[in-house]
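Q: Residue numbers (my numbering), protein chains in the order written: chain D, 1 to 342; chain B, 1 to 342.
Calculated directly from the structure, the hints in this document are not laboratory data. Errors might be hidden in some of the hints.
Remember, identical chains collapse to one label, so a pair may be satisfied in a single copy or spanning two.
[As the list claims (entries may be wrong)] With a Cα cut of at most 25 Å, we get these calculated BS3-like pairs of lysine-lysine: (1) 333 x 142; (2) 145 x 191; (3) 244 x 124; (4) 333 x 251; (5) 191 x 341; (6) 251 x 328; (7) 97 x 262; (8) 141 x 170; (9) 262 x 43.
There are 2 protein chains.
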Amino acid sequence: MPVGTRATVKTLSPRILKEIGSQIILGNTYHLYLRPGHDLIRKAGGLHDFMGWDRPILTDSGGFQVMSLKGLRKITPDGVQFQSHIDGSYHLFTPEKVIEIQNALGADIIMSFDECPSYPATKKYVHDSLRITLDWAERGKKAHKLTEKQALFGIVQGGIYKDLREESAKSLIEMDFPGYSIGGLAVGESKEELVDITSFLHTVLPEDKPRYLMGVGTPSDLVINIGEGIDMFDCVMPTRNARKGTVFSWKGKLILKSARYKEDFSPIDEDCNCYTCRNFSRAYLRHLFNVDEILGMQLASIHSLYFYHDLMETIRNSIKEDSYSRFKKSIIKDLDTVLDKE
Amino acid sequence: MPVGTRATVKTLSPRILKEIGSQIILGNTYHLYLRPGHDLIRKAGGLHDFMGWDRPILTDSGGFQVMSLKGLRKITPDGVQFQSHIDGSYHLFTPEKVIEIQNALGADIIMSFDECPSYPATKKYVHDSLRITLDWAERGKKAHKLTEKQALFGIVQGGIYKDLREESAKSLIEMDFPGYSIGGLAVGESKEELVDITSFLHTVLPEDKPRYLMGVGTPSDLVINIGEGIDMFDCVMPTRNARKGTVFSWKGKLILKSARYKEDFSPIDEDCNCYTCRNFSRAYLRHLFNVDEILGMQLASIHSLYFYHDLMETIRNSIKEDSYSRFKKSIIKDLDTVLDKE
């Protein structure tokens, strides 16, 4: 899922996103609550109408964002009191409030409010935090009335501790959510620690419900974690890196500003069918980034998202054709290659 | 002509420009010479191929830009020595060099090198400068060999002095250019002074050659100066203003950040058929500008250029139908209206 934090996937219009192949995008509850406000979006007919996007949307719960406001927030069993990073004004997110906001935004998939401990955290802290998150999941579920319109996912927490992850997952499964998110990863732990958890949860989470690994990741992260049963991902990486001139491709990562592309009139990736690769050269993209032209950010974002979607589609097909393991082995090294290293 | 200074019309891809209705765009010789350099663009196959634009391009001569480098340039009869605004490096533009650069860029219409006096300037200064510009026009014409591929326009100078404008125009007409540009206006003089000159030149310039008023202007400037025989315009105004959130429309000028648009779910202009007006509300655009999202700049640029092209097409039709004067009277007041004034 491309990330559309503030009711826009940065630099891209909805019709370009559709052409790229985006089936669902993510919106951030915390940011939209502050600006333009969920009441305004409700009046606009919901986030789909407001931003002109008629395919599915998922909103997060704001949990991760308010936890990141170190020094500006206070966690209590009731909820989180925090100050806006924009104007310092005081706000309170409770599990019920977060559902109310997401009901107003009207996304197709919404998230329970959760506490996302930072990494590293002691087992005791993660355990206590987990109890709060489970209580919040229950309160959120009770507060959510639009169950036919919006699927509310529970968020599995528990840090890098398998027994806590198990406790979290089993309690949520008992509450019976239509889908399960795995939160609190990609926050500083190693890739091995991350896969250790997804691999473990693979055996715990129900097979017939979607599993969403929040905030992950690089192309190889996607390939690997799909093998551990993950169905859904979101990450700012393809778009954020693209805006800084770093793009992913079937052959590896490219830093478009590299001097080596000065007179390189070939596309980012000859095997890519995106608008950018069909029409523009590395030399042109390098020029655009060199002179800080917005079109460069847009063309790079188009390519990177297209590539991510293309990669996911290829993996889906490999699963259907029972060739996922072979595909994974054949591609994983290329994906992590940095093409412009001297 | 939308302005594509550095091989891109800011925030817009070529296919969007085509959809908007752009028939020809402008590139800036000074900027392209410095970055990425005309040699690189020649190697790319010319500016069309480099930027992926297969419709006509016009390049200016860099005259206006180097003259603007106050304190960083020295004018001699041979040419202009200047320092790059980027790194302070020294360069020399001569009439021949400027043709060589434009030959490399490969635009369909190119400009003679000219000195563009600032405003105000004494008659003596403008007169002496004019003699240099005429000499440069002749030297440029001699240096330009690709006459079948690129139409070289002469630039009429002479400030706000009619007799100097006449001398300039007549000398250029004698040299027989395929088109004539009017330079040195929109540099500080009043709108009345400007129209006084275009109106005067209307009777001097040949009827069967295109006339291009450089660097103009607002929607009403276009309407008025077409009445004085002008065929071509270029201006950064629609795109530059759009990127700051100010857009033009059939009903006047709008400042999209205005608080009054907070809950205004209507489009910028209900009578406009552009992608932006067909899909997005003032409230959404206001939000995008409020949170500094690039998509806002792009959607506003799409609207403003679409409106400019729409306006020009309407004027062309009014001329064909012999109703230009009526049209002008009916629209001119609306065009200059500021819609968000309290």
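Q: If a hint holds in the structure, say so; if it doesn't, say that too.
A: Status of the hints after comparison with the structure:
Taking the shortest Cα distances, residue 333 and residue 142 never come within 25 Å of each other, neither inside one copy (46 Å) nor across copies (58 Å). For the homomeric pair residue 145 and residue 191, neither the shortest alpha-carbon distance inside one copy (38 Å) nor that between copies (62 Å) is at most 25 Å. In this assembly of identical chains, residue 244 and residue 124 lie within 25 Å of each other by CA distance neither inside one copy nor across copies; the values are 39 Å within and 51 Å between. Only within a single protomer do residue 333 and residue 251 lie at most 25 Å apart by alpha-carbon distance; the minimum there is 9 Å, versus 58 Å between protomers.
With identical chains, the CA atoms of residue 191 and residue 341 are at most 25 Å apart within one copy only, with a shortest distance of 22 Å there and 56 Å across copies. In the homo-oligomer, the alpha carbons of residue 251 and residue 328 lie at most 25 Å apart inside one protomer (14 Å), although the nearest pairing across protomers, at 58 Å, exceeds that limit. Proximity of residue 97 and residue 262 under a CA criterion of 25 Å is satisfied inter-copy only: 23 Å between copies versus 52 Å inside one chain copy. In this assembly of identical chains, the alpha carbons of residue 141 and residue 170 lie at most 25 Å apart only when taken from the same copy (16 Å versus 82 Å across copies).
Taking the shortest alpha-carbon separations for residue 262 and residue 43, only the inter-copy value of 11 Å comes in at or below 25 Å, while the best intra-copy value is 49 Å.
Violated hints, in rising order: 1, 2, 3; the structure is consistent with all others.
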